[in-house]
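Construct the complete structure from the given sequences, taking the supplied hints into account.
Those protein sequence lines, which keep their order, are chains A and B.
Going from the first sequence to the working numbering is simple: count from 1 and add 8.
Going from the second sequence to the working numbering is simple: count from 1 and add 1.
Warning: the hint list may mix true and false statements.
Label pairs and their in silico Cβ distance ranges [unchecked claim]:
id, chain 1, residue 1, chain 2, residue 2, range
1, B, 62, A, 331, 53 to 61 angstroms
2, A, 276, B, 82, 45 to 53 angstroms
3, A, 21, B, 70, 52 to 60 angstroms
4, A, 324, B, 64, 53 to 61 angstroms
5, A, 87, B, 21, 49 to 57 angstroms
6, B, 70, A, 296, 35 to 43 angstroms
7, A, 357, B, 47, 57 to 65 angstroms
8, A, 191, B, 70, 24 to 32 angstroms
Straight line, CA to CA, 25 angstroms or less: simulated SDA-like cross-link-like pairs of lysine to any residue [as the list claims (entries may be wrong)]:
id, chain 1, residue 1, chain 2, residue 2
9, B, 3, A, 176
10, A, 174, B, 102
11, A, 323, A, 284
12, B, 3, A, 189
13, A, 174, B, 82
14, B, 92, A, 183
15, A, 174, B, 7
16, B, 92, A, 189
17, B, 21, B, 34
18, A, 174, B, 109
19, B, 24, B, 9
20, B, 3, A, 182
21, A, 174, B, 103
22, A, 174, B, 81
23, B, 3, A, 186
24, B, 3, B, 33
25, B, 3, A, 177
26, B, 3, A, 173
27, B, 3, A, 131
28, B, 3, A, 130
29, B, 12, B, 102
30, A, 174, B, 108
31, B, 92, A, 187
32, B, 12, B, 61
33, B, 3, B, 100
Partial list, derived from the structure: chain B residues whose beta carbon lies under 8 angstroms from chain A [to be verified]:
id, residue
34, 2
35, 82
36, 83
37, 84
38, 105
Hint data in this document are derived by calculation from the structure and do not stem from the laboratory.
C-beta atoms are modelled at their ideal positions from N, C-alpha and C, and glycine is treated no differently.
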Amino acid sequence: MTLIDPIHEAVNEVYVAHSRRVLATLIRLLGDFDVAEEALQDAFRAALEQWPRDGVPANPRAWLVSAGRFKAIDGLRRRSRFDALDDVGERGEIGVIDAAAWADAESVEDDRLRLIFTCCHPALAPDAQVALTLREVCGLTTEQIAQAFLTPAPTLAQRIVRAKAKIRDARIPYQVPTPAELPDRLDAVLRVIYLVFNEGYEASTGSMLTRHDLSAEAIRLGRLLAELLPEPEVLGLLALMLLHESRRAARTSSTGELIRLDDQDRSLWDRQLIAEGGRLVEQSLLSRRFGSYTIQAAISAVHSEAPTPADTDWKEIVGLYDALMRTDPSPVVELNRSVAIAMRDGPSAGLALIDAILERGDLTEYRLAHAARADLCRRLGRVADARRSYERAIALTQQETERRFLERQLANLQQPRSVAAAGQPRASSNMGEV
Amino acid sequence: MKYLCLVYLEKDKLRAVPDKECKASSEGFRHSGVLMAAEALQPVETAATVRVRNGKVSVTDGPFAETKEQLAGFYLIDARDLNEAINAAAKIPPAREGSVEVRPVRELEA
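Here's what the structure looks like:
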């Protein structure tokens, strides 16, 4: 028996569209995450009671904020267990639409940014930042987050409870950082978003299915942030995620096997996402204030522009890795640059660089360093070296599809090599770039 | 709200920041009205640890923690929120040599 009730449906639509914005404003007005969440639920309960009778208000979001605030203050007064009670009471009684709470439109617009920056405050543990952002900003349930991160739900729930307690007890303010603080604080937010994306994209452990949603959620967050705060690196990160996402259909086979960038069917790439990512990269580059996310996105865009792997502009990619080494140097970036140099100048040039990194001891436990080394050795015909490096990479990998991929590479190595039609050994680019 | 900023330094860095600079910075804090109290401490070797168990006082030397950094001083500040406290802590000179732990003060219940 499904009798479709238009008002219930309307309330549901309003919930999906506005509940996070209403929550963000209620946290500012009530000064407490838990009180605000309860108020949000109360407000929607009130909507379900009143809207069928009075109709859906012209500005449902303002109505919900007012109702939530009224219910919360009412609740606090009845329980009278909060010191802040008098403080809240002084702000006056509320009518149906609380003009005072709504008048400061700019404040209301900033509420979602306040929420994002508070959830990603560097005083919170990184995993708590992720959990809190997904819970409060994205509106995922604790169970959904726990499932996506393969963490027991009680552990995750406790992580969120502790983070909220810290926000309250250490008095982490509900505000958008000042311009002087912004670069560092924005880095923390971007890190959280990219981490969520990669959990969904790379699926370092476990099944892929539930994790796809995390990438979608990260892109949604990226779009929201780009709308609220279109800083170059925000656009750069969004571009990077869109360009990776554009290859989703091509990067695994029907049986779930990982397919390298070189071996992907490029007709499966999502041209619309590539175009959007490309536009964002350009916009960010033009600002001349871009950073490592934009450069990584630019590298990804160069791959996306090549109709076949052979058309890849490796000169451009090496140049971008040089830029990345200047802004954000790390052994992993150095490794990727070495692979790009191998593609531009030949495998022995790249191998010398990778061996130098490994000799330094920086990436000896990093599976992709050994996988890349194995590939270059293979191309140079150094089969025994290639085998040793594949075996090392396989021993280090945690992920099932990646292990199978590397085992296939190793197996191919042991058979007499089927030389490609062109008479050249197949060159393959960076495995990390998939 | 009150925050206690605990300054931690490795032993050989206890004197890395000149006293003059520390004095000047606490004067600055005092002038801006954030600072309630600040002191530098003698090295941990000078400390005694006191415990009372079953009404009996026991005194030992130490504490000798495993960590290389030791408590070297403190600043008790009054800040609007954690962000303001973090900004103040970043201006404590030994922050560039060691680390500063920013702890909110818990007001005792009446």
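Comparing the hints with the structure gives:
At about 56 angstroms, the beta-carbon gap between residue 62 (chain B) and residue 331 (chain A) stays in the expected band of 53 to 61 angstroms. Residue 276 (chain A) and residue 82 (chain B) have their C-beta atoms about 50 angstroms apart, which keeps the hinted 45 to 53 angstroms range intact. Under the hint 52 to 60 angstroms, the C-beta atoms of residue 21 (chain A) and residue 70 (chain B), about 55 angstroms apart, fit the expected range. The beta-carbon spacing between residue 324 (chain A) and residue 64 (chain B), approximately 58 angstroms, falls within the hinted interval of 53 to 61 angstroms.
Against the hinted window of 49 to 57 angstroms, the Cβ-Cβ separation of residue 87 (chain A) and residue 21 (chain B) comes to about 54 angstroms, which satisfies the hint. Between residue 70 (chain B) and residue 296 (chain A) the C-beta distance comes to about 41 angstroms, which sits within the given range of 35 to 43 angstroms. For residue 357 (chain A) paired with residue 47 (chain B), a C-beta distance near 60 angstroms keeps the hint of 57 to 65 angstroms intact. The supplied range of 24 to 32 angstroms is met by residue 191 (chain A) and residue 70 (chain B), whose beta-carbon atoms lie about 28 angstroms from each other.
Annotation: proposed proximity of residue 3 (chain B) to residue 176 (chain A) holds, straight-line Cα distance about 14 angstroms (limit 25 angstroms). A C-alpha spacing of about 15 angstroms is found between residue 174 (chain A) and residue 102 (chain B), which places the hinted pair at or below 25 angstroms, so the restraint holds. Restraint check for residue 323 (chain A) and residue 284 (chain A): the C-alpha separation of about 24 angstroms stays at or below 25 angstroms, so the hint holds. In summary, the hint linking residue 3 (chain B) to residue 189 (chain A) is supported, as the alpha carbons are separated by about 22 angstroms, within the 25 angstroms threshold.
Between residue 174 (chain A) and residue 82 (chain B) the CA atoms are separated by roughly 12 angstroms; this keeps the pair inside 25 angstroms, and the hint holds. Pair hint residue 92 (chain B) plus residue 183 (chain A) holds up; C-alpha atoms about 21 angstroms apart against a cutoff of 25 angstroms. As the CA atoms of residue 174 (chain A) and residue 7 (chain B) are separated by approximately 18 angstroms, the hinted pair is consistent with the 25 angstroms bound. Our distance criterion of 25 angstroms between C-alpha atoms is met by residue 92 (chain B) and residue 189 (chain A), whose separation comes to about 14 angstroms.
Between residue 21 (chain B) and residue 34 (chain B) the CA atoms are separated by roughly 20 angstroms; this keeps the pair inside 25 angstroms, and the hint holds. At most 25 angstroms may separate the alpha-carbon atoms for a hinted pair to count; residue 174 (chain A) and residue 109 (chain B) meet this at roughly 18 angstroms. Under the criterion of a C-alpha separation no larger than 25 angstroms, the hint pairing residue 24 (chain B) with residue 9 (chain B) is consistent with the structure, at around 17 angstroms. Between the alpha carbons of residue 3 (chain B) and residue 182 (chain A) the distance comes to roughly 18 angstroms, so the proposed pair stays at or under 25 angstroms and holds.
Pair hint residue 174 (chain A) plus residue 103 (chain B) holds up; C-alpha atoms about 13 angstroms apart against a cutoff of 25 angstroms. Of the supplied pair hints, the one linking residue 174 (chain A) and residue 81 (chain B) holds, its CA atoms being roughly 16 angstroms apart against a limit of 25 angstroms. At roughly 22 angstroms between alpha-carbon atoms, residue 3 (chain B) and residue 186 (chain A) fall within 25 angstroms of each other, so this suggested pair holds. For the suggested pair residue 3 (chain B) and residue 33 (chain B), the alpha carbons sit about 15 angstroms apart, so the restraint of at most 25 angstroms is met.
Only pairs whose Cα atoms come within 25 angstroms are accepted, and residue 3 (chain B) paired with residue 177 (chain A) is accepted, the gap being roughly 11 angstroms. The suggested pairing of residue 3 (chain B) with residue 173 (chain A) holds, with an alpha-carbon distance near 17 angstroms, which does not exceed 25 angstroms. In summary, the hint linking residue 3 (chain B) to residue 131 (chain A) is supported, as the alpha carbons are separated by about 17 angstroms, within the 25 angstroms threshold. Between residue 3 (chain B) and residue 130 (chain A) the CA atoms are separated by roughly 20 angstroms; this keeps the pair inside 25 angstroms, and the hint holds.
Our distance criterion of 25 angstroms between C-alpha atoms is met by residue 12 (chain B) and residue 102 (chain B), whose separation comes to about 17 angstroms. Pair hint residue 174 (chain A) plus residue 108 (chain B) holds up; C-alpha atoms about 15 angstroms apart against a cutoff of 25 angstroms. Note on residue 92 (chain B) and residue 187 (chain A): the hinted pairing holds, with a Cα-Cα distance of about 18 angstroms set against a maximum of 25 angstroms. Using a Cα cut-off of 25 angstroms, the hinted pair residue 12 (chain B) and residue 61 (chain B) holds, with the two alpha carbons roughly 21 angstroms apart.
Taking the CA atoms of residue 3 (chain B) and residue 100 (chain B), the gap is about 19 angstroms. The hint holds against a cut of 25 angstroms. With its C-beta approaching chain A no nearer than about 5 angstroms, residue 2 (chain B) sits inside the 8 angstroms limit, and its interface hint holds. Given the 8 angstroms rule on beta carbons, the hint for residue 82 (chain B) holds: about 4 angstroms separates it from the nearest Cβ of chain A. Checking residue 83 (chain B) against chain A by beta carbon gives a least distance of about 5 angstroms; that is within 8 angstroms, so the hint holds.
For the restraint placing residue 84 (chain B) at the interface with chain A, the shortest Cβ-Cβ distance is roughly 5 angstroms, inside the 8 angstroms limit, so the hint holds. Annotation: interface hint on residue 105 (chain B) holds; nearest CB of chain A at approximately 5 angstroms, less than 8 angstroms.
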